[in-house]
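S.K.: Quick mapping for you: the protein sequence lines, in order, are chains D and U.
Going by this note's numbering, the first sequence opens with residue 1, and the numbers climb by one from there.
Going by this note's numbering, the second sequence opens with residue 1, and the numbers climb by one from there.
Keep in mind the hints are simulated off the structure, nothing from the lab.
Check the hints yourself; a few may be wrong.
[To be verified] DSS-like cross-link-like pairs, simulated, lysine-lysine; straight-line CA separation at most 27 angstroms: (1) U:K348 to U:K113; (2) U:K113 to U:K83; (3) U:K303 to U:K348; (4) U:K83 to D:K113; (5) D:K83 to U:K303; (6) D:K83 to U:K113; (7) D:K303 to D:K278; (8) D:K278 to D:K132; (9) D:K113 to U:K303.
[As the list claims (entries may be wrong)] These stretches of chain D come out as covered by chain U in the derived footprint (C-beta under 8 angstroms, 3 or more residues): (10) 14 to 27; (11) 55 to 69.
[Stated by the list, open to error] A few chain U residues facing chain D, derived, Cβ under 10 angstroms: (12) T12; (13) R15; (14) N114; (15) Q192; (16) T231; (17) G251; (18) G260.
What you are looking at is a predicted structure, and each value in this text was computed from that prediction instead of being measured.
Here a beta-carbon is modelled for each residue, glycine too, at the ideal position from N, C-alpha and C.
Number of protein chains: 2
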Amino acid sequence: MREIYADHAATTFPRPPEVVENMVHYLRDIGCSPGRGAYHKSLAAARMVYEARGLLARLLAVPEPEQIIFTPNVTTSLNLVFKGLLAEGDHVLISSMEHNAVVRPLSRLAREKNVLLEQLACAPDGTLDLLKLRRALRPNTRLVVLTHASNVTGTILPVYEAGEMLAGTDTFFCVDAAQTAGTEVVDFAALQCDYLAFTGHKGLLGPPGIGGLCISRRAATVTRPLIEGGTGSRSEDEYQPDFLPDKFESGTQNMPGIAGLAAGVRLISDTGLAVICKERTTLMESLLSGLAEINGLTIHGTKEAAKSVYTVSINMAGVDCSDLSFMLDQAYGIQTRAGLHCAPLAHKTIGTFPQGTVRFSLGYQNTADDVAAIIAALREISAF
Amino acid sequence: MREIYADHAATTFPRPPEVVENMVHYLRDIGCSPGRGAYHKSLAAARMVYEARGLLARLLAVPEPEQIIFTPNVTTSLNLVFKGLLAEGDHVLISSMEHNAVVRPLSRLAREKNVLLEQLACAPDGTLDLLKLRRALRPNTRLVVLTHASNVTGTILPVYEAGEMLAGTDTFFCVDAAQTAGTEVVDFAALQCDYLAFTGHKGLLGPPGIGGLCISRRAATVTRPLIEGGTGSRSEDEYQPDFLPDKFESGTQNMPGIAGLAAGVRLISDTGLAVICKERTTLMESLLSGLAEINGLTIHGTKEAAKSVYTVSINMAGVDCSDLSFMLDQAYGIQTRAGLHCAPLAHKTIGTFPQGTVRFSLGYQNTADDVAAIIAALREISAF
Numbered sequence: 001m002r003e004i005y006a007d008h009a010a011t012t013f014p015r016p017p018e019v020v021e022n023m024v025h026y027l028r029d030i031g032c033s034p035g036r037g038a039y040h041k042s043l044a045a046a047r048m049v050y051e052a053r054g055l056l057a058r059l060l061a062v063p064e065p066e067q068i069i070f071t072p073n074v075t076t077s078l079n080l081v082f083k084g085l086l087a088e089g090d091h092v093l094i095s096s097m098e099h100n101a102v103v104r105p106l107s108r109l110a111r112e113k114n115v116l117l118e119q120l121a122c123a124p125d126g127t128l129d130l131l132k133l134r135r136a137l138r139p140n141t142r143l144v145v146l147t148h149a150s151n152v153t154g155t156i157l158p159v160y161e162a163g164e165m166l167a168g169t170d171t172f173f174c175v176d177a178a179q180t181a182g183t184e185v186v187d188f189a190a191l192q193c194d195y196l197a198f199t200g201h202k203g204l205l206g207p208p209g210i211g212g213l214c215i216s217r218r219a220a221t222v223t224r225p226l227i228e229g230g231t232g233s234r235s236e237d238e239y240q241p242d243f244l245p246d247k248f249e250s251g252t253q254n255m256p257g258i259a260g261l262a263a264g265v266r267l268i269s270d271t272g273l274a275v276i277c278k279e280r281t282t283l284m285e286s287l288l289s290g291l292a293e294i295n296g297l298t299i300h301g302t303k304e305a306a307k308s309v310y311t312v313s314i315n316m317a318g319v320d321c322s323d324l325s326f327m328l329d330q331a332y333g334i335q336t337r338a339g340l341h342c343a344p345l346a347h348k349t350i351g352t353f354p355q356g357t358v359r360f361s362l363g364y365q366n367t368a369d370d371v372a373a374i375i376a377a378l379r380e381i382s383a384f
Numbered sequence: 001m002r003e004i005y006a007d008h009a010a011t012t013f014p015r016p017p018e019v020v021e022n023m024v025h026y027l028r029d030i031g032c033s034p035g036r037g038a039y040h041k042s043l044a045a046a047r048m049v050y051e052a053r054g055l056l057a058r059l060l061a062v063p064e065p066e067q068i069i070f071t072p073n074v075t076t077s078l079n080l081v082f083k084g085l086l087a088e089g090d091h092v093l094i095s096s097m098e099h100n101a102v103v104r105p106l107s108r109l110a111r112e113k114n115v116l117l118e119q120l121a122c123a124p125d126g127t128l129d130l131l132k133l134r135r136a137l138r139p140n141t142r143l144v145v146l147t148h149a150s151n152v153t154g155t156i157l158p159v160y161e162a163g164e165m166l167a168g169t170d171t172f173f174c175v176d177a178a179q180t181a182g183t184e185v186v187d188f189a190a191l192q193c194d195y196l197a198f199t200g201h202k203g204l205l206g207p208p209g210i211g212g213l214c215i216s217r218r219a220a221t222v223t224r225p226l227i228e229g230g231t232g233s234r235s236e237d238e239y240q241p242d243f244l245p246d247k248f249e250s251g252t253q254n255m256p257g258i259a260g261l262a263a264g265v266r267l268i269s270d271t272g273l274a275v276i277c278k279e280r281t282t283l284m285e286s287l288l289s290g291l292a293e294i295n296g297l298t299i300h301g302t303k304e305a306a307k308s309v310y311t312v313s314i315n316m317a318g319v320d321c322s323d324l325s326f327m328l329d330q331a332y333g334i335q336t337r338a339g340l341h342c343a344p345l346a347h348k349t350i351g352t353f354p355q356g357t358v359r360f361s362l363g364y365q366n367t368a369d370d371v372a373a374i375i376a377a378l379r380e381i382s383a384f
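Looking at chain D on its own, in the form it has when it is part of the complex (with noise of 0.2 angstroms):
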């Protein structure tokens, strides 16, 4: 049976052979951390990171690719922001389609360091209406966080447009590209962020356990670091350097991890975002249309290929979601997720909580052929 992975929004797969080869020929060849000696091994690796830190400065449009922090995943990049950013008293606003990644730490902060956390409510496709951010913001607002778009419906919401209102106030904003980079323009400097928080094991096509963070430069001057430790940089001093990057990068680097990203971010930059974006479109474009005559289907999000990214979520009527999955898994090798997607307040806001969704999210690795095969499973399977 042909296997069809349709799990992209959880990690990609499979990764370019380039990925691998770059992660290989690391752990070959030069095996080193970087700033930790001054032999050719050592400076090998310290070109490697730099190298890596410029391709996703420039993918992201990053002025300074010391800008860009290397972190073991998406989660960690936002816990540092809320952590290092956060104090008593401060108000937060965040979008009800928010991952556990945004939604823990900061119900942690609220609970225990008196942080207001107040939830902007989306529309059931996912969708936000600005207006909502524009009447929230208050004087103590110290933080706006929005995902890029929705790991569970693939609704984009409007970032750019929140930045450009958020442009030249006292409130830092968060833009979770957990989705997004890699699959859409995700462009830094246009966003207007404080910060934007990626993982690189998704649309960057690299492997997991390896992430980052965009910080602006006010951001890094104010925000404290998740971890101190040793750096190579400033040995003599028992107190963590205030530069970036290393305020906020201690503790040995994960090489390989970086070495397997920039491959996928070269590979992007290469290919080009506008020609993924478009490709992109096209496959959605004929899923959801597939999707909609398909009976007794109901599909969550917007149903537009332009608004969403590779991702959408689907219910069958009287099918139970992880028997769906199973069913599709087992008898036609499509692989989904099914249940919550860690994003419980994203199923509040389209209906589907506890009972969650099928999710089925797409990669540059599927084809014209994949849509049409989940569309003919579920055909075969709603026909019960």
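Please arrange chain U on chain D, whose structure you already have, making use of the hints.
M.R.: Just chain U now, kept in the frame of chain D:
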């Protein structure tokens, strides 16, 4: 020119082929994340993580595999301990041989949170008299942190005896095994400690980017997470789960890192720590006795192979340590690390601050020929 890598205390190199192969196997054949889907690849990923935890639990004598938490590196493990446990007014004891991964986060907690940080002065050879620990303990001593072995001199600290002294008290005990896991007996149960922080890319022969923390049941209950987010468990809950290991493991894990680490641990278990320790002692005896015969060399540390791990620091009269390290690399292909090794406190203790030392740190890959070449090179340089 034959290259001799003598910087294993920074990271191991070359890695065993099994380590790289298992990473490639994960990337090509599994590729997915555990708990993020019910299809077979996701289940295979879950099995892989489960096996890795089991291998580590056996090697490190941890009662239950879920008491092992994966982190990106030992620095993160230590930050988790300090920030998760300590509160205003707590007294913390550390040895004066600690790395900046201990010193920097604690210095910040001392400055910002009124944590009372006190150093136990080690002798100039790096050894610690346990009477000093006994005398320094106070009713509010919340935590004692000791490195198992210094990353500068290799000196082993009396961590088992300290564990015995602290057992049954209200003081928590944290051992930094960055330099010992995989090359020395690290027995969590016998240490009677609450936290054992380790890294995967040194003695455990894995790749950089993966490490961990072994945690006692009492510590797991009172320690707050450093990072909250999606865990793939209790997705309906807007708060972090409170069970192990999910309480402390949020976001997508470094799966290739776990694959590589598992292969390294399996190799060590198959070889046996007794064999590894014996080989190390033989190699270090010959290195130390060779160094002792060279004029103008100062050897830092215990000068006894049985009382230290694979590492020794030296200075050569009249030669700057950076110059010496550079000469060793350029003229002899011997790769060492000069300077302060992210451990200014340790260098103050042994009397080499701020000039630093040249550190030789060997690994399982080094041979008697390597040691002979190191001695010959130093003899030649000292004769200039």
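S.K.: Determine for every hint whether it applies to the structure shown.
M.R.: Status of the hints after comparison with the structure:
1. U:K348 to U:K113: holds, 26 angstroms
2. U:K113 to U:K83: Roughly 10 angstroms between the alpha carbons, so the hint for K113 (chain U) and K83 (chain U) holds.
3. U:K303 to U:K348: Status holds; Cα separation ~18 angstroms.
4. U:K83 to D:K113: holds, 15 angstroms
5. D:K83 to U:K303: violated, 45 angstroms
6. D:K83 to U:K113: holds, 15 angstroms
7. D:K303 to D:K278: Cα-Cα ~17 angstroms, so holds.
8. D:K278 to D:K132: violated, 31 angstroms
9. D:K113 to U:K303: Since the Cα atoms of K113 (chain D) and K303 (chain U) sit roughly 51 angstroms apart, the hinted pair is violated (cutoff 27 angstroms).
10. 14 to 27: holds (count 7)
11. 55 to 69: Violated - the region 55 to 69 of chain D has 0 residues with a Cβ nearer than 8 angstroms to chain U, which falls short of three.
12. T12: At about 8 angstroms, which falls below the 10 angstroms cut-off, the nearest Cβ of chain D leaves the hint on T12 (chain U) intact, so it holds.
13. R15: holds, 6 angstroms
14. N114: violated, 16 angstroms
15. Q192: violated, 26 angstroms
16. T231: Result: holds, 8 angstroms to nearest chain D Cβ.
17. G251: Interface hint status for G251 (chain U): holds (3 angstroms vs cutoff 10 angstroms).
18. G260: Holds, about 8 angstroms.
Consistency with the previously given hints fails for numbers 5, 8, 9, 11, 14, 15, ordered from lowest to highest.
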